[in-house]
Amino acid sequence: MSTFTPSFDTELQSLAKRFDPSDESERIRKILIDLGIDDAIPSIDHNDGDDDGDLEKKQIITINWNDHHQSIIRLNDRKENQINKLSMIDFNRFRDGYEAIQQLRNRFKEIDLIVASEDGVLIPIHSDFLAKKAPKFWSRIHQYLDDEGRRKELIENVRLRNNEGMTIEVPKLTVPNLDGRMLSIIFESMFHCADQQSNRIKPIDLRLTMKLLRIGEELGLDFLLETCLNNLCDPGKIKLYNSVLLFQIGLHFDHRLANISYQFILDNLSKIFNLHQQTLMTLSYDQLKTIIIDDHLNVPDEYLIWILINNWILFDRSNRLQYFWPLFLSIRFVFVEKFWIENDLAKRFAHLNAINDNFLLQSFKTIDKQKTIKINFEHFNPRIPNRFLLLYGGYEEGYPSNTFKSFDVRSKQWFQFRFDSKYPRIYHKIIFYRDRIYAIGGSDGIKTLSTVLSWSLRTGQSYILASMIESRCFHSAVLCGRSIIVCGGKNDRERLRSCELYDIENNRWSRFASLNVPRSDAAACLFREKIYIAGGVDIFTLSSVEVYSFRAKSWTMINFMNVPRRSFSLIAYHGYLYAIGGCTEIYEYNCLKSIERFDLHTNSWSYVIPSLPKRRMSYCGCLFEEKIYIIGGFDGLYLFIVC
1 MSTFTPSFDT ELQSLAKRFD PSDESERIRK ILIDLGIDDA IPSIDHNDGD DDGDLEKKQI
61 ITINWNDHHQ SIIRLNDRKE NQINKLSMID FNRFRDGYEA IQQLRNRFKE IDLIVASEDG
121 VLIPIHSDFL AKKAPKFWSR IHQYLDDEGR RKELIENVRL RNNEGMTIEV PKLTVPNLDG
181 RMLSIIFESM FHCADQQSNR IKPIDLRLTM KLLRIGEELG LDFLLETCLN NLCDPGKIKL
241 YNSVLLFQIG LHFDHRLANI SYQFILDNLS KIFNLHQQTL MTLSYDQLKT IIIDDHLNVP
301 DEYLIWILIN NWILFDRSNR LQYFWPLFLS IRFVFVEKFW IENDLAKRFA HLNAINDNFL
361 LQSFKTIDKQ KTIKINFEHF NPRIPNRFLL LYGGYEEGYP SNTFKSFDVR SKQWFQFRFD
421 SKYPRIYHKI IFYRDRIYAI GGSDGIKTLS TVLSWSLRTG QSYILASMIE SRCFHSAVLC
481 GRSIIVCGGK NDRERLRSCE LYDIENNRWS RFASLNVPRS DAAACLFREK IYIAGGVDIF
541 TLSSVEVYSF RAKSWTMINF MNVPRRSFSL IAYHGYLYAI GGCTEIYEYN CLKSIERFDL
601 HTNSWSYVIP SLPKRRMSYC GCLFEEKIYI IGGFDGLYLF IVC
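Last residue of the sequence shown: 643 (full-length UniProt numbering), numbering continuous.
Mixed in with the good hints there might be a few duds.
[As the list claims (entries may be wrong)] Capping the alpha-carbon separation at 30 Å, the derived lysine-lysine pairs in DSS-like fashion look like this: (1) Lys237 x Lys211; (2) Lys553 x Lys530; (3) Lys412 x Lys271; (4) Lys593 x Lys412; (5) Lys405 x Lys447; (6) Lys447 x Lys422; (7) Lys405 x Lys627; (8) Lys239 x Lys211.
[Unchecked claim] Now the in silico label distances, taken between C-beta atoms and shown as ranges: (9) Asp301 x Ser456: 28 to 38 Å; (10) Asp295 x Lys447: 37 to 47 Å; (11) Leu329 x Asp408: 17 to 27 Å; (12) Tyr607 x Gln278: 38 to 48 Å; (13) Asp599 x Asp408: 30 to 40 Å; (14) Tyr241 x Trp340: 24 to 34 Å; (15) Asp179 x Gln277: 31 to 41 Å.
Rather than coming from a laboratory, the hints here were simulated on the basis of the structure. All of these numbers come straight from a predicted model, not from anything done at the bench. All residues carry an ideal CB built from backbone N, CA and C; glycine is no exception.
Generate the whole structure from the sequences, applying the supplied hints.
Pasting the structure below:
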């Protein structure tokens, strides 16, 4: 961001050139000693290189408030001399200058102006410093002073007592239309901007930030703009309802903010469209097209793009209809179902054309008559997914596998790759956390394991982490915040009721509250800040369900499922728990296709219609983009390889 540099008289510029930069540190130190500051001032490192360019930039300003308003400010000769010395500090070049002026403010030394808000917040400042760093703000203050009526209304003299017990008389200026919080942030930003410590300022809410941005732009306060933009660039500040606005603000002020908010829009366009569609209507044509042609745009299907284009044009039909065909041809029709084209798209297109006097068909005929038609082959490619389903291990051609398989839900294609060939796994559990995959326990086909493996999705590098306290396979695992909780399972000797907690940040395992009964091949999930585990095998297949309360730190039995289940999935979806498929026997004789649902309010299980198309157990089940996916598995006779 550019820094505002005021222009100065030729006499002052020539004065600046006579200063030797090598003496600047000692000069500032002497000035501060003369002003009575006892604290040690940090030494200043000088650039030993060619300073000719810097000499041109060094500009000294001496502003004496008394010369302009003798009737308002009464200072003695010693005070005037100290202010003249103070104004010789080059605040642009030396960070120490800011630290020195802050110490002066804290001691009320050499203060010659109090800026006040309408709600009574007082900011002691030095007029020289304010004039140098905020010339437009300073000019606005002079406008108040030059207006006789406003001067009587807004300015009064106040008495201050400094740390030495001396009483000084200083004018207080009340700035209209600024509350105390806004005024404090403006001056905090001004004093922090030189040392890159704007983060010391407390977080600012969005509404206040928008007001400060307007003030900063109007008054040319680059330091205030930087503070506001640093505050907005916090990813936690970008929400569904404000992402489009922040994107547009970023395009105007700071491309850092534009990039962060743009990525948020790409990742969450469907949610923004469903919940805050009106914000998308404010996009310009160029902004909208940039979004919808991006390969990284995350949308469930191209149908949403068509609805967005249609609604965007209808929002301002007279001005936006001319952009229909460029936007319409950006839809990736290769990935659009024929039924959708023949029904919804055709009807909406006909309606849009009819209400605009056949404009769309006429403009299309003009395009059709062109001799050369350019085909954009990028529209034949699927969009790059920002999320995908990932499988690791399991049986492959009768042997434990070490391959990763990913499923792109956009193109509906599977891809296979291998990070490392050393670690085949079956009967294990996979957890995803912060761009890393954790494979916990399981078996290599020979023995039960306690090892924990991790892979970075960014680099592909594998890591061997701390082992579990006990070896286990057929266990359950859930992610709870920054911890992974592993429940039950089976080792080489017996089925387990013990549980363990893995601290991801510290790579450490510890004991966790044990289950009421041993369970292997059970299903578990996190639901409403509690852990639910259901079914599994002890001596027989179980229908019992337990819930862990973090507040009580214990497991409690709740109502049983309607049938015993093992090798199934327990998935939280839209406020219910779903137990899907599985098997009722220890051996694979009676596979299920039934689904039952747990209602937390009635504490009961009930069957759900429809059931699975086919019986299935030992599959992988997960919730992804509001859909439940069932992948692979076994029906008692055949292995499934379909989703």
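Status of the hints after comparison with the structure:
{"no.": "1", "hint": "Lys237 x Lys211", "in the structure": "16 Å, holds"}
{"no.": "2", "hint": "Lys553 x Lys530", "in the structure": "10 Å, holds"}
{"no.": "3", "hint": "Lys412 x Lys271", "in the structure": "22 Å, holds"}
{"no.": "4", "hint": "Lys593 x Lys412", "in the structure": "24 Å, holds"}
{"no.": "5", "hint": "Lys405 x Lys447", "in the structure": "24 Å, holds"}
{"no.": "6", "hint": "Lys447 x Lys422", "in the structure": "15 Å, holds"}
{"no.": "7", "hint": "Lys405 x Lys627", "in the structure": "19 Å, holds"}
{"no.": "8", "hint": "Lys239 x Lys211", "in the structure": "19 Å, holds"}
{"no.": "9", "hint": "Asp301 x Ser456: 28 to 38 Å", "in the structure": "31 Å, holds"}
{"no.": "10", "hint": "Asp295 x Lys447: 37 to 47 Å", "in the structure": "45 Å, holds"}
{"no.": "11", "hint": "Leu329 x Asp408: 17 to 27 Å", "in the structure": "24 Å, holds"}
{"no.": "12", "hint": "Tyr607 x Gln278: 38 to 48 Å", "in the structure": "41 Å, holds"}
{"no.": "13", "hint": "Asp599 x Asp408: 30 to 40 Å", "in the structure": "35 Å, holds"}
{"no.": "14", "hint": "Tyr241 x Trp340: 24 to 34 Å", "in the structure": "29 Å, holds"}
{"no.": "15", "hint": "Asp179 x Gln277: 31 to 41 Å", "in the structure": "34 Å, holds"}
Checked against the numbered hints above, the structure breaks none of them.
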